[in-house]
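**Student:** Here is how the chains run, residue by residue.
There are 2 protein chains.
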Amino acid sequence: QGTRDHPPAQAALRDRLLAAVVACFKRHGAAAIDTPVLELRETLTGKYGEEAKLIYELQDQGGELLALRYDLTVPFARYLAMNKITNMKRYHIAKVYRRDNPATTRGRYREFYQCDFDIAGQFDPMIPDAECLKIVHEILSDLQLGDFLIKVNDRRILNGVFAVCGIPESKFVTTCSTVDKLDKIPWQDVKNEMVEEKGLSHEAADRIGEYVQLHGGLDLIERLLQDPKLSQNKLAKEGLGDMKLLFEYLTLFGITGKISFDLSLARGLDYYTGVIFEAVLLQQENDHVEEPVSVGSVAGGGRYDGLVGMFDPKGRKVPCVGVSIGIERIFSILEQRVKASGEKVRATETQVLVATPQKNLLAARLKLISELWDAGIKAEMFYKKDPKLLKQLQYCEDTGIPLAAIVGEQELTDGVVKLRDVATREEV
Amino acid sequence: QGTRDHPPAQAALRDRLLAAVVACFKRHGAAAIDTPVLELRETLTGKYGEEAKLIYELQDQGGELLALRYDLTVPFARYLAMNKITNMKRYHIAKVYRRDNPATTRGRYREFYQCDFDIAGQFDPMIPDAECLKIVHEILSDLQLGDFLIKVNDRRILNGVFAVCGIPESKFVTTCSTVDKLDKIPWQDVKNEMVEEKGLSHEAADRIGEYVQLHGGLDLIERLLQDPKLSQNKLAKEGLGDMKLLFEYLTLFGITGKISFDLSLARGLDYYTGVIFEAVLLQQENDHVEEPVSVGSVAGGGRYDGLVGMFDPKGRKVPCVGVSIGIERIFSILEQRVKASGEKVRATETQVLVATPQKNLLAARLKLISELWDAGIKAEMFYKKDPKLLKQLQYCEDTGIPLAAIVGEQELTDGVVKLRDVATREEV
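Top line first, the protein sequences correspond to chains A and B.
Read left to right, the first sequence gives residues 721 to 1148 (the numbering used here).
Read left to right, the second sequence gives residues 721 to 1148 (the numbering used here).
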């Protein structure tokens, strides 16, 4: 349940998509690493907050207690700590596992690919963070997915907001996950959850509401830096100062047009400590609708400065920031688009079919195809002793093989091969 | 235990190796598919004989009972049956899982990559089988791993041998797995296991011994076809006839020089029904040793005509033959070779480092690198506001970045960028 096979046409399309993402990661100088699908259960414990119940555990068959990785970020942090690496830019493309209720029609599965890019190291503020946003911008532009928006916020600003609204620190995390629903449900429902489920007062919830419904750009950052309450909060001030710096760098990258500082963005995972962001595709439902409609998140990430320290015996921290491209959602969109366009994705790259027009020519075919393979040419032949020529040519048309190399009795006598262009039927 | 992380240099080397294997599979017209790491436990049950105890099972967390895939062949068969596909040539490169005692020094892990190529379909005898051997030959030649030998046998010949030696059919499978040890332990030990553990008589074991110690080429096939006992056995006769045909095709491919018909080859898995084969690397230990020493299997495969039928509700069979490249073993060899040669494998592909020689030039670097990225150039910069030029150039040397694009105050005034060749120190 919640998993799927990828038949050839899908696998080929996915390869094409992943190649575009890898190209961007390499353009930014990232190295690839690979980690096991299996992690010690204790490695995953306490990293995912309320989502931890979705972790797949392995049967205790003797030896270590294992689980399937839930994302690529925790294994990366474990890898850095284990190898005492304090400085690294890496990408990792691999499958992760979540015992979620799959919504396979919307491209949500229990086994799915993640494409992560992360920068670890003690650096000057917001330079790597800005690069992560640049990467999201490049990939979404390259893939021509239509208009998109990258929402940005900072956990420190959110925590500052909660503090000045009178929320006790013990409720920050749980309040965060409620705020995060603001992109899916209206404020009134979010408020109800805060009051009824999370036990906040009406007044506190209303005060939060005044902040988390704000979004904008540099102007909003400046306004909040002047906010009489927020500007008194150390964390919020730090977060807003860095947000301003981030926007400066994004201006130099020329991408602020697609960036929105959005105080409702919270993101679910426990481990974020600074900047957080999420990219959504926008869709003009029809011309009468003024506000573009979000069709869901296609990338997300943020800063997690404490995670690596959780794996170090001495608690030594390695600041990290990273981005995860939501390749499955993007794949679903591309797949629909290919289907709509009627484009036929070739599942193989075969250049030539070695064919024979008469019987008893298997040996000639085997000799010729062997020469072609040895010369590096992508070639196929029928696994029948005496296939019909028409069937062989039909197969070329069906699978998009552009050429047929034909050896018949005449060709054998003349010591030649007849090369046929399948589309034009031209022969030489 | 038995798993490992792949740091960047290893991941880059592995990518290079996998690319060579994929190139060969594509040259032979195979399409890629992907299947989940998770399979239903019942899918794997009864497919692996004595090895089944090595399957990783998932905890029962509600819902289906799951296991991690043990190889890529059973999932392929399940895929064919589920989708009613009767005809397919596919490759699949992915990780599989075995709770084996890992011998990590010899490149044996509990999580490891398999690279499989299989041909499914009802075809004329031995044509796809010959292609599988050609593929092994091409890959081992391409990778320049030194001398190798591909041992070939047929389950039908083995079963024929067992029958004419008076072994009851119920003991064929278990006798097979004992014979398979002949490449690792001497005949006397194999015989002891047959008699003491498997309950064969001394005489029967000796009779088996006369056959399974034979190896050769077409001459041996012809001799066995004349063997008074074997030639009376229907299965053995079929197997020997097909073996002769196989050698004819391999002669047309020009690769019989590396092929040995070896009656001791048995292979452990239950599902093989016809041709089986295994490639070993040969190593001349020193000039005084006459017989080359085998350093272990680097590829294997065979025909499994019954497996797909086990997944079809009506038991409809789809004949299959395939090969699995032992990529982990090959990777270990390549890694040792790279280490011995002192070759430095670059972990990234970065073409240029954007550097500044004075302070307060971060904005200039950000603007320039953004232009480079947008132009598709692989570029990096330091995440520091004011890095030292010497450190920036040193980083280029350490990581193999060939060029530095330098913007200083003078360059900014002149509206130019200074491009420095890191190796020659030439600047333009």
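Careful, some of the hints might be misleading.
Where chains are identical, the list cannot tell them apart; a pair therefore holds if satisfied intra-copy or between any two copies.
[Stated by the list, open to error] DSSO-like cross-link-like pairs, simulated, lysine-lysine; straight-line CA separation at most 30 Å: (1) Lys1138 to Lys904; (2) Lys901 to Lys918; (3) Lys1098 to Lys964; (4) Lys815 to Lys773; (5) Lys1105 to Lys904; (6) Lys1104 to Lys901; (7) Lys954 to Lys773; (8) Lys1064 to Lys746; (9) Lys1098 to Lys1087; (10) Lys1098 to Lys804; (11) Lys911 to Lys957; (12) Lys901 to Lys891; (13) Lys918 to Lys949; (14) Lys964 to Lys1108; (15) Lys1104 to Lys954; (16) Lys804 to Lys1104; (17) Lys804 to Lys1108.
In short, the hints are calculated from the structure, not lab data.
Because the structure is a prediction, the values reported are computed rather than measured.
**Student:** Which numbered hints does this structure break?
**Tutor:** Of the numbered hints given earlier, those the structure breaks are 1, 5, 6 and 7, listed in rising order.
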